[in-house]
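Number of protein chains: 2
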Amino acid sequence: GYSGLPRSVDGLAAAPEWPALRALLPDMTGLRVVDLGCGFGWFCRFAREAGAARVLGLDISERMLTRARGETRDNGITYERADLEHLDLPQAVFDLAYSSLALHYVEDLGRLFATVHRALVPGARFVFSIEHPIFMASRRPGWITDAEGHKSWPVDSYHLEGPRRTDWLAEGVLKYHRTLGTTLNLLIRNGFAIRHVEDFAPSEADIAARPDLAEERERPMFLLVAADRA
Amino acid sequence: GYSGLPRSVDGLAAAPEWPALRALLPDMTGLRVVDLGCGFGWFCRFAREAGAARVLGLDISERMLTRARGETRDNGITYERADLEHLDLPQAVFDLAYSSLALHYVEDLGRLFATVHRALVPGARFVFSIEHPIFMASRRPGWITDAEGHKSWPVDSYHLEGPRRTDWLAEGVLKYHRTLGTTLNLLIRNGFAIRHVEDFAPSEADIAARPDLAEERERPMFLLVAADRA
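Protein sequence lines correspond, in order, to chains Y and U. Using the working numbering, the first residue of the first sequence is number 1, and each one after it goes up by one. Using the working numbering, the first residue of the second sequence is number 1, and each one after it goes up by one.
Calculated from the structure, these hints are not laboratory results. One thing to keep in mind: the hints can contain errors.
To be verified - Lysine-lysine pairs mimicking BS3-like chemistry, simulated, CA-CA at most 30 angstroms apart: (1) LYS151/U <-> LYS175/U; (2) LYS151/U <-> LYS151/Y; (3) LYS151/Y <-> LYS175/U; (4) LYS151/U <-> LYS175/Y; (5) LYS151/Y <-> LYS175/Y.
The following block holds chain Y by itself, in its conformation from the complex:
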């Protein structure tokens, strides 16, 4: 399960995209932060160490929240169970919304973006990572090697938005594929100004340290986005 992944054991440092995602964050001093899909709470604790005033970590998994609470000794962090599909948040109470690899589990992303927009103060930032549509589109995701040994990643069904079931970690995990345009336009229509879009790939230095990451430069696995609440 999730708890055996390097990023679950070693936290943010084990996530190759973390430096790129961190570069999209504002100065955290004094910020009120909400983390959508906080998992074991690694980002919540980072945010506080970086100066955030308080952090609300939300996750649907009570098991993850229990471990997050067990590893956190900080009254500035609150963990709450919440389903992002039906999330309610108070109005204009956060200066930063953050989400790492959780939004592809949400079917009604427009509803969630509207909720996040209302919960942020004007000018606040929203930073998230999500599985890249190139990675998720195919009904048969997985590397293809041709007769000459060239490796490529298949894209098909790109415009067939909706559920994708995979057997990653657990059988039949349900994710929602959306085109890149759909995700960005949902942000724009819900009052966000897009500041940065990144098809994440590990750097050459990352690959020197972890040669198994080389294939990640062939096709993007994650999309990183920074947007500001207008």
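Given chain Y, work out where chain U should sit, using these hints.
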């Protein structure tokens, strides 16, 4: 060559993406328009018929411009030869910039975006189509059919930005691959606010009329973007 393509013979109506691109245009009444890569002048003439005050059509091909001039009887349209790679435009003289499938031939897109930004008045719109990075990334672009007959489009080398040579229409056509993030971030950094991003696919009605377009729903061939000059 280009002149034999349906869109060259029958104009905008033969381009499946045209209705989606047209939907991104502002009311054209009285606008001063520049068309980057005008080809045979189909969009220039459309713009005038839709009410534009005047249109400047730019293309690098003298042969195309000659045909464009031959098919245009309208003093409101001027055609000029220009290389988008080294384009100069006067400052703040256009209300709309438009480009159809030309920007993937430009190596220094940041320079061109800066030039377009300067040439537009504040609040002006920039609408363009460009080959989609999913379509262009692979060093061996072309449908792959697996043992069970499933068709997919290969993505590899996605993060290897730079030249791509293909033998489409002519041998060794030189295009420039950029990640989606690079194209959008160049717009943002050059002072544009992104309003709409669309991985274009033909509609079901398009496919009913032209069944050969069905495969275009498997992977996007074009990216359509609308941005406003801040």
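Hint check results:
1. In summary, the hint linking LYS151/U to LYS175/U is supported, as the alpha carbons are separated by about 25 angstroms, within the 30 angstroms threshold.
2. With a C-alpha separation of about 16 angstroms, the suggested pairing of LYS151/U with LYS151/Y holds against the 30 angstroms cut-off.
3. Between the alpha carbons of LYS151/Y and LYS175/U the distance comes to roughly 22 angstroms, so the proposed pair stays at or under 30 angstroms and holds.
4. Among the hinted pairs, LYS151/U with LYS175/Y is consistent with the structure: their alpha-carbon atoms are about 22 angstroms apart, no more than 30 angstroms.
5. For the proposed pair LYS151/Y and LYS175/Y, the alpha carbon gap of about 25 angstroms is at most 30 angstroms, so the pair holds.
In summary, this structure violates none of the numbered hints.
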